[in-house]
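K.L.:
Build the complex from these two chains, which are given one at a time in their own frames, with help from the hints.
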Amino acid sequence: MSAEVKTPFVRLAKRDSMDPKKVWAIRLSSILVALILGMIPIMITGQNPFTAYGIIINGSLGKPIYIKQTIKIAIPLLGCALAIAPCFKMRFWNIGAEGQITAGAIAASYFALYWSDKVPSFVLILIMFVTAAIAGGIWGLIPAFFKAKWNTNETLFTLMMNYIIIGIVSWLQGGPWEGRKGSQLIPMFNQSARLPEIFGIHCGWIIVLLLVVLMHIYMNYTKHGYEIAVIGDSENTARYAGMNVGKIMMRTMFLSGAICGVVGFIVVSGANHTLNNGVANGVGFTSITVAWLSQLNAFAMIVISLILAILTKGANTLQTRLKVPASISDIVTGILLFCMLSCEFFINYKLIFRHGKSEEEASK
Amino acid sequence: MSAIIALIVAAVTFGTVLMFGTLGEILTEKSGNLNLGVEGIMYMGGAFGLAGAFNYEQAVGAASSSGLLAILIAIISAFAAGAIASLVYGFITITLRANQNVTGLALTIFGTGVGQFTGEFLRVREGNFVALSNHLKDSFANPIMPKFLQDIPILGKILFSHSVFFYIAVILAIAMHLFFVKTKKGMYLRAVGESPSTADAAGINITLYKYLATIIGGGISAIGGMVYIVTTAGCVWNHAGLSGVGWLAVALVIFCLWRPLNAIWGSVLFGALMIMYLRVRIPFIPTEIYKILPYVVTVIVLVFSSMRNNKEKQPPASLGANYFREER
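From first to last, the protein sequence lines stand for chains A and B. Taking the working numbering, the leading residue of the first sequence gets 205, the next gets one more, and so forth. Taking the working numbering, the leading residue of the second sequence gets 7, the next gets one more, and so forth.
Hints were generated in silico from the structure; no laboratory data involved. Fair warning: there could be bad hints in the mix.
What the hints assert, rightly or not - Under the rule of at most 25 Å between Cα atoms (straight-line distance), these lysine-lysine pairs were calculated in the BS3-like manner:
| # | chain 1 | residue 1 | chain 2 | residue 2 |
| --- | --- | --- | --- | --- |
| 1 | A | Lys-353 | A | Lys-276 |
| 2 | B | Lys-319 | A | Lys-353 |
| 3 | A | Lys-385 | B | Lys-297 |
| 4 | A | Lys-293 | A | Lys-427 |
Unchecked claim - A few chain A residues that don't get close to chain B, going by computed Cβ distances all over 10 Å:
| # | residue |
| --- | --- |
| 5 | Leu-216 |
| 6 | Asp-220 |
| 7 | Val-227 |
| 8 | Ile-230 |
| 9 | Ile-240 |
| 10 | Lys-322 |
| 11 | Leu-360 |
| 12 | Gln-395 |
| 13 | Asp-437 |
| 14 | Arg-443 |
| 15 | Asn-480 |
| 16 | Lys-527 |
Here the structure is a predicted model, which is why all the values come from computation and not from measurement. Glycine included, each C-beta is placed from N, C-alpha and C at the ideal position.
In isolation and in its complexed conformation, chain B is listed as follows (with noise of 0.2 Å):
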């Protein structure tokens, strides 16, 4: 028992860093941007998360650094650096109208350069790894709840034992689903994806909605990124680790039929088969063999969702397409 409780908890952690990328890519998404930029981007949050919380406790000295600013200051920077790159993607596909594929492959090498650049550049500043306070590491990484809480047999590891970021990404999940379905600007965004001319004729201005959407996207799923360094890596610069998180955030879009509480529990899942290779071992599989299994999961994921046919089940209708007016 206690073994299925200690996957699901380290499931959930990683579930928290696929749910980040996921949502934002849900959000931009919505609005007719496909952009493969994500693992670009979760490098780009990742570093800059780390550099930003690092910057600030040098600044202030690692025994007066408050947890709670440093995890404000990770988040803000890595959504900033979400953002710019998001930013980029959107001037040259919505304004400059290039094609959102190649941009995005564009995004994901030059985000992974950057990402990859700037952990090393802090690395190299600072003379060996970068590495935080144990005070900061466990601020990020603990829990939150109430200790009573926690304490509930078998639900309050299950439930309580998250670091703040599991609810942070968990409400966010439900405000984006109240906003997609409750709010005027949610419908209006959701009328962008589907169909950009009718939206247009019908006054929306599609630019707007386009831009807005892929740059809090792109930030969003940054912080992703940031998660995956202060939780699972250690507050340590860890790239190898961060490869391939992004794409199968892009692909649990997918999976989630663009649905952000669908996301909750679908990253929490495909956590689980991230991690499940460390935690259940299955005899005369190899480990090798059993790490491409999230891999392998998400190629039968895509060919099932591809068969079903159902009108409910599908993509934003003008998703990877660029809108011109001139062009009818």
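Extracted from the complex, chain A is given alone in its bound form (with noise of 0.2 Å):
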């Protein structure tokens, strides 16, 4: 360190707070941001940014029936944020999900396959519901356990249920449940097995929006929210205050593993109808990104989750139509996500530049 005093070209301070209207602004910016770095990788193709964005538009919206299957693609996504957004307040990371809505999707595919000629339509999906919650809600109990009890790293133990679900998934497609042999697919759930449909689209739709509402006011207005958000500022506090940290974990835990098996419930009766490894086909990772680009805010989730569902819906089509391939939705979500969390840093911070005028940082 030198001896003389320096002044730095610039320093940071902690902003006490910000006008809600500039915060959004510099969120929006953000995204756009992102959209413009995401043009880099359409032009190495050789292709025309602006032709892509707009075929990604037209082939997730273009059409009456595409709508329908960016809604679908968009079901299970916001099901999933939902079901992240308590961990993650928590600070716990769940990154798991993919696992429990395998594990809600094979309990509810049991029933399916076994149960459909034992009871009437309506029973058999409501048992298929409650069962898919309890598994996924186990899944997800097994590592808040573990984390509750000795500390066990909960990022590295959901994502290995994960695996081990799936592998599960893949010895009951190929062994007990295959249904021609060899064919190595597990056969096609009766009709009384599946989610009825509501304007053409699989009643899952009403299944989730009624959890945004119910995930909000949990999480706003609830004795078990209040807790979950003091145990992700800070623990020890939480602590201090009385509250059994552990038992809260697995609570929450519990809840957001049921909630991802309803949505693998939701999948396998409403879109599939059958299930196979891939019944949970990245949804889990996706939905981080739903959960954290929408700040854990349930209804701003509706949004974040269709944007996503056009992007990934439009970059399929991207693909068949220009050739580029598809997996350009991931890199921009992986950009939308890089651009959302540097921006925070100018709604916390301001930055002060060395002639003394405090100066507000436009947004990245």
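P.N.:
Here's what the structure looks like:
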């Protein structure tokens, strides 16, 4: 360190608060920046980025059938983001939503395959719903139990649980639940095990929209929600306040896993009408993006999950029309997350330049 | 006997991939940065490493391409890809102070996307599978040790029949070990990871150490992805085989107790778990169940390593937390 005191060119200071309008302006412009950065990989493939974005919009919203397909993609994303929100609020990094979806799907599929002729359709679907929730909940509870007891790393634990349960589905597919011998496929569900359609889309959308409202109330207006927020801010504070941190963790993870399990039920009963090892299809990971981009706000998740669904659906169209690989949607999603994470800095801190004048750094 | 030797040799081949991933992440975590983007970084390393070697061969022609140069180019392109990805991660977490967990997950989403995009794009551009000539494939995968060493009974196969990458990884592990315990800079780096405020007060440039460890660590991890593509996958872009490997590497860091030397045997052990279902048949256990063995073992390892209460065997104290000088 040099002996003379130097004022650095730029210093940082924490902001007390910021006009909410400005906050959202910064966030929106960061999305804009992300979309502009997303043009780079498209240009590398030699395509016009504006045409490409046009195709993305057209391929996802251009016709009623496309819109239905896009909404079908958004349903599990939204449901799963709602499940992840309380965990992330608690700073519990549950990246095992993928496995919890699969666990729920397995439970629902068991009843769909073996009980469909024993009970009426309505009861069957109810049983599938409840068992899927329980199965997903238990799959989420296991890592939470070890985290609460021995502080086992939950990120890796939940992740490994994904691979384990997906492996089990692969086994079911080629083993005990296989339909035609050698097909490696589980047979399609009977009509009675399928979710009814409302406005041409399976009624999963009603379930997740209900969940949005319930989750909003749970997170903001209940004692549980308050406890989750306190633990997220400071575990020690929660302990001093007499909260049983381990118990709250396990409770929250059971709830989170249960919602994921319901999402699994919606996917097998509403969309796929069968079970395979790709049932979660990356939803568990993409929904982390949805939850974080919407700042864990349940209503914002509706918008964000639709945006990401448009991106996913549109990218598939892009692949068939312009031969731009569909993984472009992952790249743009990643860039979106980077930009949103970065822009929080400009919301939380202000930059003070050497001249003494505090200057508002324009949004990134 | 020969079956066991064959298993060990195959385990080392896969273990080398894990070893690079693990060593890179150890370096990163020693600085207190928990980079959960290893999965994405290894994808990018795989895709860009392959692209580098492929473009090199296209440029000079299959006949006149040199194996050594191809290896170097593959390593450099993979390292650069990983380093750039980690620079983004570093900028967002170190300078912009964003949450390390979420940034790492974002890097995984981004990196797997970029890797997959690059691999697919190469395929579309070339009109079919991107494949290197057999001559280059051999120079990547064939043993480099002299014949007489390989001919030593039993030990020759186990120790001297591996590709060049295994030996690079072992040398790297030893070098990292020496760096951490013998050099001043290595101790500074550990101080940054253990207690950044103390290190800062001692006049160590925290930001510089964190950036360098993260960038170099990411580059090393990325080489692992490249090694997978050019050895196990046979120089063809194979994203399915690479998925989950980066996460195993992150788990291995915990298993190895943040010690580079442990990474050598740890990764070979996990390499063995990954390929055992192909080589060792166990009656009554279906293949699909057998395949999840490494993940089950990882879970057990995680649980046991969290249960022990040994001061020597803990992660760097500040792991996962960002350092703000202004906030004490």
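K.L.:
For the pair supplied as a hint, Lys-353 of chain A and Lys-276 of chain A, is the alpha-carbon distance within the 25 Å limit?
P.N.:
39 Å, violated
K.L.:
Beyond 10 Å from chain B, beta-carbon-wise, is Lys-527 of chain A?
P.N.:
Incorrect as stated: the minimum Cβ-Cβ distance to chain B is 5 Å, not above 10 Å.
K.L.:
Would you say Ile-230 of chain A is clear of chain B, with no C-beta pair closer than or equal to 10 Å?
P.N.:
For Ile-230 of chain A, whose nearest Cβ neighbour in chain B is about 13 Å away, the distance exceeds 10 Å, so it holds.
K.L.:
Take the C-alpha atoms of Lys-293 of chain A and Lys-427 of chain A, compute the straight-line distance between them, and say whether it is at most 25 Å.
P.N.:
14 Å, holds
K.L.:
Does Val-227 of chain A clear chain B by more than 10 Å, comparing its Cβ with all Cβ atoms of that chain?
P.N.:
16 Å, holds
K.L.:
Just to be careful, I want the Cα atoms of Lys-319 of chain B and Lys-353 of chain A compared with a cutoff of 25 Å; is the pair within it?
P.N.:
Holds. Lys-319 of chain B to Lys-353 of chain A sits at ~18 Å (cutoff 25 Å).
K.L.:
Against chain B, does Asn-480 of chain A keep a CB gap of more than 10 Å to every residue?
P.N.:
13 Å, holds
K.L.:
Does Arg-443 of chain A really sit off the interface, with its C-beta more than 10 Å from all C-beta atoms of chain B?
P.N.:
About 18 Å separates Arg-443 of chain A from the closest Cβ of chain B, which puts it past 10 Å; holds.
K.L.:
Hey, Lys-385 of chain A versus Lys-297 of chain B, does the alpha-carbon distance stay inside 25 Å?
P.N.:
Holds. Lys-385 of chain A to Lys-297 of chain B sits at ~22 Å (cutoff 25 Å).
K.L.:
Does the no-contact call for Asp-437 of chain A survive, Cβ to all of chain B over 10 Å?
P.N.:
13 Å, holds
K.L.:
Classify the label on Leu-360 of chain A as holds or violated, using whether its beta-carbon is more than 10 Å from each beta-carbon of chain B.
P.N.:
5 Å, violated
K.L.:
Does Lys-322 of chain A sit more than 10 Å from chain B, CB to CB?
P.N.:
28 Å, holds
When held up to the earlier numbered hints, the structure conflicts with 1, 5, 11 and 16 and fits the remainder.
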